[in-house]
Amino acid sequence: MKPIIETQNLSFRFGSNVAVRDLTFQVPEGSICAFLGLNGAGKTTTIKMLMNILRPSGGTARLMGVDSKKLRSGELANLGYVSENRELPEWMTVRRLLSYCKPMYPTWDDAFCDKLVKDFNLPLDAKLKNLSMGMKVKASLISSIAYRPKLLILDAPFSGLDPLVRDEFIRGMLELSGESGSSVFVSSHDIDEVDKLADWVVILNEGHLHLSESTESLQTRFRQVLLTVDEEISRLPENLPASWLIPESSDRTVRLVESRYEANETPETLRRVFPGAGELTFAPMSLKEIFLTLAKSFRATTEV
Amino acid sequence: MSLIIHQFKKDIYHTRYLLGLWVACALALVLANGFLISFSTHHPELNLGGLFAWRFLSGALTWTNMLFVAFLIPMVVHQEPLTGTAPTFWITRPITRSTLLASKALYFLLAFALMFLSGQCSFFIHGNQFHFAGPDVAGTLGCLAWVLTVAGLAALTSSFLRFGLFAAAAGVLWALSESSLFLAFLVRNALVNPALRDPALLPSELDRKLGGLVHAPAFDPALLITPMTIAFAATVVALVYLSGRVKLGIGIAVAGIILNRLAYVYLTVPLS
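Protein chains in written order, with my numbering: chain Y, 1 to 304; chain F, 1 to 272.
I should point out that these hints are in silico values taken from the structure, not numbers from a laboratory.
Each hint should be verified, as a subset may be incorrect.
Cross-link-like lysine-lysine pairs, in silico, PhoX-like; alpha carbons within 25 Å at most [stated by the list, open to error]: (1) 115(Y) <-> 102(Y); (2) 247(F) <-> 127(Y); (3) 102(Y) <-> 127(Y); (4) 129(Y) <-> 9(F); (5) 70(Y) <-> 247(F); (6) 2(Y) <-> 129(Y); (7) 102(Y) <-> 70(Y); (8) 247(F) <-> 129(Y); (9) 247(F) <-> 136(Y); (10) 9(F) <-> 69(Y); (11) 102(Y) <-> 247(F); (12) 70(Y) <-> 2(Y); (13) 129(Y) <-> 150(Y); (14) 150(Y) <-> 127(Y); (15) 127(Y) <-> 10(F); (16) 247(F) <-> 69(Y); (17) 118(Y) <-> 150(Y); (18) 115(Y) <-> 150(Y); (19) 9(F) <-> 70(Y).
Where chain F lies over chain Y, by a calculated footprint (3+ residues, C-beta under 8 Å) [unchecked claim]: (20) 51-57; (21) 88-96; (22) 192-199; (23) 254-261.
Keep in mind the model is a prediction, meaning the values are calculated, not measured.
Ideal Cβ placement from N, Cα and C applies to all residues, glycine included.
Next comes chain Y alone, as it looks inside the complex (with noise of 0.2 Å):
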């Protein structure tokens, strides 16, 4: 695996508090990566870090092969960009912002550009400080892909926007993705505009790496447990696997998450641990189904 990004030990401060510790990820070239956490997990901070704007306290990031730190207008010709808050220039219109950027990048391509203004209906000479959040964020992409960079990084982009707008916007990213080859990192605290798109997923819980691997390893050892046991259960038993999320019963039905799910073993250890079980039923889960175990697994540790 070749790897477009990867983090060793990355790490942030801001006074006392730290916002990013220790990040050691990769993600592959190629691949789509859904950057998840809850709001304050650290993602913006991380992509800071990855795109120069903030000095890691600690620790290296690496991108298309070079230290983060020291990206120059080689690599950034190759780096697509669109920061949480649409950092534009507003006073531009869409037509003056796309020929400002044009001359920056050699492999600027017009036919690309002149496909996603028409698709994405914008209006040229409009300025754009007169345009509605969606149309910001849809000038913002086609100024960041028109040149088909390597890495498109994308943070938070589909907050604030409607679904039509979403739609439009994750056809622009299929499109690069699948004409160019390029590899998408994108953040998000929700997972439904990513669900079906990520084949790469990393997960951050209050600046920590929870994990980094691919959706397809993930919706493997991830299922959905239930079972029905014979007398009802009151309370469920103590030190119960650490692979088991979000365990609870009501009456004779107990549910959980198993994230270690292995098809020979886990039936055997669930028996194990409720020996009147009856039928067990294990479904496979979507990447919003898996987010959200471990989402609310974060916060009940949190409370804990």
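Using the hints, position chain F against chain Y.
Frame of chain Y, contents of chain F only:
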């Protein structure tokens, strides 16, 4: 080179209306200078009111020049702010810091040229003659110092609001330092010069007596202080643009101000 020009053209386009207004004011100053010189040299006995009016207009337009610099340069610098982490547009685009500095330097040069030429040129409308006063060293250095000082302060701030606040604070401190230096100068001379301690001395006479003590007539302290200001301001601008080291830039700016004031004290207050 093409990116430098591309960036420069973008800045010109962004400020085109204000630049147009400035050019109009600069032309008005050239005309006002022409009338003023015409009145002073050819008809000093005539129409004193007119002379004062032209002098006032010329002075006001000179100040307007300075105000345009103080508005336009931060406007252009803050298009690509050099401090803060929120404005991420240009930082993540393939524009090198040296390209950015070169394009902004072109704009500073334009501002300097407009300010300098409008102050040095006069157009005599009656004789339909154009007159260039010639390179006045103090005036040239003064214009350059103003442009670079404004650019330095803009480079150290991330928005026009911050620039305005810092400029206001710097202005107040500057005025206080001027007053303190004058007071120190007055006290120091009053101690050694009995004529200045005479309670019957009228303020107008005090001014006249002090006039001769301000500095040695053979040497204008501005000729040393202004280049020093230029050197410090240019260092701050180049440093912040090329390396992004804002804290070091602030340190150099503060050192420059302190040295400037010390030089002012030593050059203007005689060691009597």
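Q | Unmet hints by their number, sorted upward, for this structure | A | 2, 6, 8, 9, 10, 11, 13, 14, 19, 22, 23
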